[in-house]
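For reference, the chains in residue letters:
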Amino acid sequence: MSFDFAAVVSATPYLLQGLLFSVELTLVAMIGGMLLGTFMAIIRHMGVPVAAEAVRAYVTLMRSIPLILVLFWFFFLVPLLLGHLTPTGHSIPLGPRFTAFITFTLFESAYYAEIVRAGLKAIDKGQYEGAKALGLSTSSMYWSVVVPQVLRATAPIIVSQTIILFQDTALVYVLSLTDFLGAAAKIAQRDSKLVEFYSTVAVVYLLICSMGSELSERFRKKQGQRSSNGRLERAKRMFGLARP
Amino acid sequence: MDDAFSTQNEILQIEGLEQSYGAISVLKGIDLRVKKGERIVICGPSGSGKSTLIRCINGLETFKSGTIHVTDVHNGERLRRLKDIRREVGMVFQSFNLFPHLSVIENCMLAPVKVRGVKKTEARERALYFLNKVRVLDQAKKYPGQLSGGQQQRVAIARALCMQPSIMLFDEPTSALDPEVVQEVLATMVGLAKEGMTMICVTHEMGFAREVADRVILIDGGKIVEEAGPAQFFDTPRHERTRAFLGRVLRGHPETARGLAHS
Chain A
1047 MSFDFAAVVS ATPYLLQGLL FSVELTLVAM IGGMLLGTFM AIIRHMGVPV AAEAVRAYVT
1107 LMRSIPLILV LFWFFFLVPL LLGHLTPTGH SIPLGPRFTA FITFTLFESA YYAEIVRAGL
1167 KAIDKGQYEG AKALGLSTSS MYWSVVVPQV LRATAPIIVS QTIILFQDTA LVYVLSLTDF
1227 LGAAAKIAQR DSKLVEFYST VAVVYLLICS MGSELSERFR KKQGQRSSNG RLERAKRMFG
1287 LARP
Chain B
701 MDDAFSTQNE ILQIEGLEQS YGAISVLKGI DLRVKKGERI VICGPSGSGK STLIRCINGL
761 ETFKSGTIHV TDVHNGERLR RLKDIRREVG MVFQSFNLFP HLSVIENCML APVKVRGVKK
821 TEARERALYF LNKVRVLDQA KKYPGQLSGG QQQRVAIARA LCMQPSIMLF DEPTSALDPE
881 VVQEVLATMV GLAKEGMTMI CVTHEMGFAR EVADRVILID GGKIVEEAGP AQFFDTPRHE
941 RTRAFLGRVL RGHPETARGL AHS
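Sequence order for the protein chains is A and B.
The opening residue of the first sequence carries number 1047 in the working numbering; numbering runs sequentially from there.
The opening residue of the second sequence carries number 701 in the working numbering; numbering runs sequentially from there.
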């Protein structure tokens, strides 16, 4: 059986387009999701009346429904709902790209919120007291003292979640959008070279996700948490044969 | 009616302070008045409520009833808002509570910049000054995790001083330290006292109390049992419970007994 790598090479521009979209979507959903998620986590941690309960309901809901369902719901139902609100009653279509970016951000924010909330609870109470005793406002306390520590501590888990997010971007096919996997699948089916394209895609996903893990390891080390390692250990970690 | 003369210079007035955790009553009516420049040492057995008392002063604990009034030394007016009180009242904790992700000097600069609106350059000058005062200037660029316990606590003291508070609260500042570094922290606190800082200190270090305190207060079971100058407190305590407490403390800490004997 021959492996026609040339076919993959000639399709590279199209594949790159798809990859660009996957990366774009991941970055937007990660940044937006972390901002929104951190905000929600703080609201819940502070126990703001009403708002904390609303956050709890939202997070529970988003974590109970599969992403694919949320994508469908947002794409088909929200325009209908919005249509009811307008005078004409026509449903307002939201483009598939807009839907994808918004939905992924909202979905991921629930997961990031739980990660950050766990981090907030894990921070020693003395840190909060030290900040309060110095007279720091609540927002300064979270911004300058608590959240930086939470992000450093939870960086590995946040990276894991982001890796999952990156892999989930493949679901945009339900909105007829083309991500990296979608682009590869289309060409593979058109040219009947399934093995070549899917293998390439797998290798690319592997490389990107391993780089992400390595990044979080570097970040952890930079914070002064030394882990004993040599090159062999690092390689082992990249391939999941040793603890990160 | 407050006697105008006696309230002159008072910067802290606590009246009828009560606090309980559920059914357990921790403070059963505490009255305390502190003048500017006074050094108060509060001691007592575990669970007597002494930590709760000073944590009520800067709002880290709430209380069921009673009043706490902190007066601004600059204009003699009562400080009403918690954020204003916390600006004027500094606190040093048993567990230091330094911020591990910031360097020593950044720890000291944070609050003056964010709370008092001090410019960064001036905050840096101030931080270097106080770090020098507590003799950890050479550690300024390091992170708390790289410092010894005694150094960390001295940084914590400098950090509180950078806010230039009128009252310093100390909650068992040396209880978590190895015995050999306790003295370096106490020496720093003695230096502070000699400069006229108003201090309220919860501690078991009786030698320190003897040397520095204007008044020593014994709290037991949520009430003030004895309140007296150090000479009277240590040499001729009026109450049986004070005598019992002193006996226990000195039996358990022969070095403190030596400290008291020498002072």
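Watch out, some of these pointers could steer you wrong.
Facing chain A, a subset of chain B residues (Cβ under 10 angstroms, in silico) [unchecked claim]: (1) Lys728; (2) Gly729; (3) Asn775; (4) Gly776; (5) Asp784; (6) Leu802; (7) Val818; (8) Lys819; (9) Thr821; (10) Glu822; (11) Tyr829; (12) Arg859; (13) Met863.
No wet-lab data here; the hints were simulated from the structure.
C-beta: ideal position from N, C-alpha, C; glycine also.
Here is what the structure says about each hint:
1. Checking Lys728(B) against chain A: minimum C-beta separation of about 24 angstroms lies over 10 angstroms; hint violated.
2. Contact between Gly729(B) and chain A, as hinted, is not supported at the beta carbon level, the nearest pair being about 25 angstroms apart and thus beyond 10 angstroms.
3. Nearest Cβ of chain A to the Cβ of Asn775(B): about 18 angstroms, over the 10 angstroms cut. The hint is violated.
4. Hint status for Gly776(B) relative to chain A: violated, with the closest Cβ pair at about 20 angstroms, above 10 angstroms.
5. Nearest Cβ of chain A to the Cβ of Asp784(B): about 8 angstroms, under the 10 angstroms cut. The hint holds.
6. Checking Leu802(B) against chain A: minimum C-beta separation of about 8 angstroms stays under 10 angstroms; hint holds.
7. The beta carbon of Val818(B) is not positioned within 10 angstroms of any beta carbon in chain A (closest approach about 12 angstroms), and the interface hint is therefore violated.
8. Using the Cβ-Cβ criterion of 10 angstroms, the hint placing Lys819(B) at the interface with chain A is not satisfied: the shortest such distance is roughly 17 angstroms.
9. With a least beta-carbon distance of about 19 angstroms to chain A, the hint placing Thr821(B) at the interface is violated under the 10 angstroms criterion.
10. Against a cut-off of 10 angstroms between C-beta atoms, the interface hint on Glu822(B) is violated, since the closest Cβ of chain A lies about 17 angstroms away.
11. A hinted interface residue such as Tyr829(B) counts as satisfied when its beta carbon comes closer than 10 angstroms to some beta carbon of chain A; here the least separation is about 17 angstroms, so the hint is violated.
12. For the restraint placing Arg859(B) at the interface with chain A, the shortest Cβ-Cβ distance is roughly 7 angstroms, inside the 10 angstroms limit, so the hint holds.
13. The beta carbon of Met863(B) is positioned within 10 angstroms of a beta carbon in chain A (closest approach about 6 angstroms), and the interface hint is therefore held.
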